[in-house]
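**Student:** What follows is the residue order along each chain.
4 protein chains.
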Amino acid sequence: MSFFERLKTQGSAEWRAYAEHPFTTAMADGTLPEAAFRHYLVQDYLFLIEFARAYALAVYKSPRLADMRAAAAGVSAILDVEMNLHVKLCAGWGLSARDLEQAAPAAEMLAYTRYVLDAGMRGDLLTLQVALAPCVIGYAEIAARLAARDNARAATNRYRVWIDEYAGAPYQEVAAKARAHLDRLADLYVTPAREAELVAIFKEATRLEADFWEMGLRKAGE
Amino acid sequence: MSFFERLKTQGSAEWRAYAEHPFTTAMADGTLPEAAFRHYLVQDYLFLIEFARAYALAVYKSPRLADMRAAAAGVSAILDVEMNLHVKLCAGWGLSARDLEQAAPAAEMLAYTRYVLDAGMRGDLLTLQVALAPCVIGYAEIAARLAARDNARAATNRYRVWIDEYAGAPYQEVAAKARAHLDRLADLYVTPAREAELVAIFKEATRLEADFWEMGLRKAGE
Amino acid sequence: MSFFERLKTQGSAEWRAYAEHPFTTAMADGTLPEAAFRHYLVQDYLFLIEFARAYALAVYKSPRLADMRAAAAGVSAILDVEMNLHVKLCAGWGLSARDLEQAAPAAEMLAYTRYVLDAGMRGDLLTLQVALAPCVIGYAEIAARLAARDNARAATNRYRVWIDEYAGAPYQEVAAKARAHLDRLADLYVTPAREAELVAIFKEATRLEADFWEMGLRKAGE
Amino acid sequence: MSFFERLKTQGSAEWRAYAEHPFTTAMADGTLPEAAFRHYLVQDYLFLIEFARAYALAVYKSPRLADMRAAAAGVSAILDVEMNLHVKLCAGWGLSARDLEQAAPAAEMLAYTRYVLDAGMRGDLLTLQVALAPCVIGYAEIAARLAARDNARAATNRYRVWIDEYAGAPYQEVAAKARAHLDRLADLYVTPAREAELVAIFKEATRLEADFWEMGLRKAGE
Chain A
1 MSFFERLKTQ GSAEWRAYAE HPFTTAMADG TLPEAAFRHY LVQDYLFLIE FARAYALAVY
61 KSPRLADMRA AAAGVSAILD VEMNLHVKLC AGWGLSARDL EQAAPAAEML AYTRYVLDAG
121 MRGDLLTLQV ALAPCVIGYA EIAARLAARD NARAATNRYR VWIDEYAGAP YQEVAAKARA
181 HLDRLADLYV TPAREAELVA IFKEATRLEA DFWEMGLRKA GE
Chain B
1 MSFFERLKTQ GSAEWRAYAE HPFTTAMADG TLPEAAFRHY LVQDYLFLIE FARAYALAVY
61 KSPRLADMRA AAAGVSAILD VEMNLHVKLC AGWGLSARDL EQAAPAAEML AYTRYVLDAG
121 MRGDLLTLQV ALAPCVIGYA EIAARLAARD NARAATNRYR VWIDEYAGAP YQEVAAKARA
181 HLDRLADLYV TPAREAELVA IFKEATRLEA DFWEMGLRKA GE
Chain C
1 MSFFERLKTQ GSAEWRAYAE HPFTTAMADG TLPEAAFRHY LVQDYLFLIE FARAYALAVY
61 KSPRLADMRA AAAGVSAILD VEMNLHVKLC AGWGLSARDL EQAAPAAEML AYTRYVLDAG
121 MRGDLLTLQV ALAPCVIGYA EIAARLAARD NARAATNRYR VWIDEYAGAP YQEVAAKARA
181 HLDRLADLYV TPAREAELVA IFKEATRLEA DFWEMGLRKA GE
Chain D
1 MSFFERLKTQ GSAEWRAYAE HPFTTAMADG TLPEAAFRHY LVQDYLFLIE FARAYALAVY
61 KSPRLADMRA AAAGVSAILD VEMNLHVKLC AGWGLSARDL EQAAPAAEML AYTRYVLDAG
121 MRGDLLTLQV ALAPCVIGYA EIAARLAARD NARAATNRYR VWIDEYAGAP YQEVAAKARA
181 HLDRLADLYV TPAREAELVA IFKEATRLEA DFWEMGLRKA GE
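Here the protein sequences come in this chain order: A, B, C and D. Taking this note's numbering, the leading residue of the first sequence gets 1, the next gets one more, and so forth. Taking this note's numbering, the leading residue of the second sequence gets 1, the next gets one more, and so forth. Taking this note's numbering, the leading residue of the third sequence gets 1, the next gets one more, and so forth. Taking this note's numbering, the leading residue of the fourth sequence gets 1, the next gets one more, and so forth.
Bound conformation, chain A alone (with noise of 0.2 Å):
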């Protein structure tokens, strides 16, 4: 069993609480309250500019040059393509670029940005990539699975765009990469003792993730 795959054996209930989280289906059925996807977008904004932060800590952390590369992309993808693509995905839904910069953060996302920060900056490249991987491989995972979903990609459902970006090819393949890139680091550094100390990063990591799901939902209901 693959290094991931294992996280995600010894994570499952956690993994089902994020990746199946009811915030996330009811983005494929279409009935997800706008105020909470509006919110969660918002944040979702604030936290890539702490994802770009881990990126570059993943740089600075990589003791290989091709590490450092993959990282390298990373953050660009992130600061020149994905902001900019949030960007115009909040204004279809009515948040303007100062909307998003005033925006108070929310607790869920400084808890899972900064844990993941501060786990990465603890420990080595492997360890920030465990830390990591809920979202970047998680986001693939969860998007491919609302797209077979019935209806999920109608055109009246007015979640398509998100999930046709995190199923559509491009993501799919980062997600695809990220998640090789995992298990390389994984074969070459990982003993036993090592996994359990990464399974209760990935877990803790997944929590939080799911908290974020959570938090929009909350918001809908206020």
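Fair warning: there could be bad hints in the mix.
[What the hints assert, rightly or not] A partial selection of chain B residues facing chain A, derived with a Cβ cut-off under 7 Å:
(1) Ala107
(2) Leu110
(3) Ala111
(4) Arg114
(5) Tyr115
(6) Met121
(7) Asp211
(8) Met215
[To be verified] Each computed BS3-like pair below joins lysine-lysine, with the alpha-carbon atoms no more than 27 Å apart:
(9) Lys88/D <-> Lys219/C
(10) Lys203/D <-> Lys219/D
(11) Lys177/A <-> Lys203/A
(12) Lys219/D <-> Lys203/C
(13) Lys203/C <-> Lys177/C
(14) Lys219/A <-> Lys88/B
(15) Lys203/D <-> Lys177/D
(16) Lys203/B <-> Lys177/B
(17) Lys203/B <-> Lys219/A
(18) Lys203/B <-> Lys219/B
(19) Lys219/B <-> Lys88/B
(20) Lys203/C <-> Lys219/C
(21) Lys203/D <-> Lys219/C
(22) Lys219/A <-> Lys88/A
(23) Lys203/A <-> Lys219/B
(24) Lys219/C <-> Lys88/C
(25) Lys203/A <-> Lys219/A
(26) Lys219/D <-> Lys88/D
[What the hints assert, rightly or not] Quick list of simulated restraints, FRET-style, between CB atoms:
(27) Ala196/D <-> Ala193/A: 18 to 26 Å
(28) Trp93/D <-> Glu101/B: 43 to 51 Å
(29) Asp80/B <-> Glu165/C: 21 to 29 Å
(30) Leu188/A <-> Gln172/B: 46 to 54 Å
(31) Val87/C <-> Glu101/B: 48 to 56 Å
Worth flagging that the hints you see were computed from the coordinates, not collected in a lab. C-beta: ideal position from N, C-alpha, C; glycine also.
Given the coordinates of chain A, work out where chains B, C and D should sit on it, guided by the hints.
**Tutor:** Quick look at chains B, C and D alone, frame taken from chain A:
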């Protein structure tokens, strides 16, 4: 106005929500549900471990030997004194060392501690001390307020031990020193632009500390 | 006087020893022993890898999105452009990619790069940029001085390629931007106490850069 | 073979060049020029400050409370005990506290300390401990070798104090514990790929430690 006073003034809404949180007042009145306090205590133990890491980071960050020594004394105080006191305090509430070590970290504990550690790693020693201030200095202020309330220190109040610890002379002196140190660092390094950034960090850290109290109350309501 | 001018003025002895080092003048005159240049080139390749890490650290440290993007562009420029140019330049001197990757790091390279990385991690973005300045801004100044010397750009001068690269418009613009950025950060964050600390870091980094030239000359004398 | 033995075996050339450096043997024989020793002493004082930072980093990096406590004890030992001993030792050689504080850092001191700090920040606790090992464990081994030489501990040998300090039981025990800790961490975390990387770091750190002795001798020749 001293720098710490300026931080509190500019973040007065956040400060009040934290320093006068119902959780704290309920400790003085003895009306805090036991489940709330126990949950808080366990998370506070996990919190202390991260706080020792933050003080160690302050040693690493210090530009002067005197700053290093002050921070190193903080590390020792937490690891060698406070944590043992905490274990005893917990024992009095029926919580074993095993309970503490096996406790699952709450998102609120993760959010505050990782926010502080990341802010400190990203910035310099002053930034780190600002992020630590709501806890280090705030606890002294809160406990002093509580101690002045009727019956707070009555033998019948089961939360008296907590109030006494932080309202007592030794901790009040620790906090006074931390405050003087913060003001001194600010005298050396603060510009208007810097102050605006530090105020934002102070407000965020204070908000996350208020969430920590809230976490306790929520537990009691479950 | 701009901040960078103040740094140079306060560290004028160190700056002159670095910017007017015999190694540099010998490049303009074409009298630099080939062994000196080759040794320098190989170590400069290892240096660039660490410089990419330092720019990645600047992304991580940046408090503003614009600062992050500027630093990320620096990471990409080093990893995707400069290092390839360097490999080509080295090939022209008979040094293969394998030679570069297997080269043992010289103490002088380790000293400067690790000093910059540690100063930057310990302090904030401004500290990091000050530590980087002797290299980023200094190379432009040095190359401009050399280019103005008689025969420096003559076809017969084998070191012309180096001079042209750093005296050319693209690099001069990179350096001008870095300088403007540094001055802007200083406007926001510098106090007298801070300036004294930054001058000390600038002088140290400049001294270590001069050692880097010295290392080349020493090799030639072996 | 224990992990530390494997490090020494794989870096045997570097280890011998460091552990049997002429500077050390000349201390045992009492033939070391006084200028060499004085220069070393001053730089070693600056070195200790950075070593306290490295141990503080070990506290920050530690995944377990026991590791944190061991590292915190190291911070205190350096800042509260060793540095005071050092100031006294220096006074015996006519060096005032002011001389120590105002000393210009030598490139060799900067190279080794910053290399250790950067390697440790980039990697995890084990990487940091490997980078620290040549100093922490090496000094005990060197002093034990010197102490066994004829006349090394004679009252006439002015370097006897140094030898006694590191050959004495208290320091030998510190080193034995550090070695046991390193071996334990290696048992938990070392894979073949990891070991190759750690050997490279160990060899580099050992080389930079040998440069530190060399720096002393060079001074005497000036």
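**Student:** Determine for every hint whether it applies to the structure shown.
**Tutor:** Hint-by-hint comparison with the structure:
1. Ala107: With a closest approach of 5 Å, the Ala107/B hint holds.
2. Leu110: Interface hint status for Leu110/B: holds (5 Å vs cutoff 7 Å).
3. Ala111: holds, 4 Å
4. Arg114: It holds, given that the least Cβ distance between Arg114/B and chain A is near 3 Å, below 7 Å.
5. Tyr115: holds, 5 Å
6. Met121: Nearest chain A Cβ about 6 Å off; hint holds.
7. Asp211: holds, 6 Å
8. Met215: Check failed: Cβ of Met215/B comes no nearer than 10 Å to chain A, outside 7 Å.
9. Lys88/D <-> Lys219/C: The hint is violated at about 40 Å.
10. Lys203/D <-> Lys219/D: Roughly 24 Å separates the two Cα atoms, so the pair holds.
11. Lys177/A <-> Lys203/A: holds, 21 Å
12. Lys219/D <-> Lys203/C: Holds, at roughly 22 Å.
13. Lys203/C <-> Lys177/C: holds, 21 Å
14. Lys219/A <-> Lys88/B: The hint is violated at about 40 Å.
15. Lys203/D <-> Lys177/D: holds, 21 Å
16. Lys203/B <-> Lys177/B: OK: Lys203/B and Lys177/B at ~21 Å, within 27 Å.
17. Lys203/B <-> Lys219/A: Between Lys203/B and Lys219/A the Cα gap is close to 22 Å, so the pair holds against 27 Å.
18. Lys203/B <-> Lys219/B: The hint holds at about 24 Å.
19. Lys219/B <-> Lys88/B: Status holds; Cα separation ~22 Å.
20. Lys203/C <-> Lys219/C: holds, 24 Å
21. Lys203/D <-> Lys219/C: Holds, because 22 Å separates the two Cα atoms, which is no more than 27 Å.
22. Lys219/A <-> Lys88/A: With Cα atoms ~22 Å apart, Lys219/A and Lys88/A stay inside 27 Å; holds.
23. Lys203/A <-> Lys219/B: Holds - the C-alpha atoms of Lys219/B and Lys203/A are around 22 Å apart, at most 27 Å.
24. Lys219/C <-> Lys88/C: Since the Cα atoms of Lys219/C and Lys88/C sit roughly 22 Å apart, the hinted pair holds (cutoff 27 Å).
25. Lys203/A <-> Lys219/A: At roughly 24 Å apart (the allowed maximum being 27 Å), Lys219/A and Lys203/A satisfy the hint.
26. Lys219/D <-> Lys88/D: holds, 22 Å
27. Ala196/D <-> Ala193/A: 18 to 26 Å: Distance hint for Ala196/D, Ala193/A holds at roughly 19 Å.
28. Trp93/D <-> Glu101/B: 43 to 51 Å: Hint holds: Cβ distance 49 Å, inside 43 to 51 Å.
29. Asp80/B <-> Glu165/C: 21 to 29 Å: 56 Å Cβ-Cβ, so the 21 to 29 Å window is violated.
30. Leu188/A <-> Gln172/B: 46 to 54 Å: Roughly 52 Å apart at Cβ, these two residues keep to the hinted range, so it holds.
31. Val87/C <-> Glu101/B: 48 to 56 Å: holds, 52 Å
Comparing the model with each numbered hint stated earlier shows that hints 8, 9, 14 and 29 do not hold.
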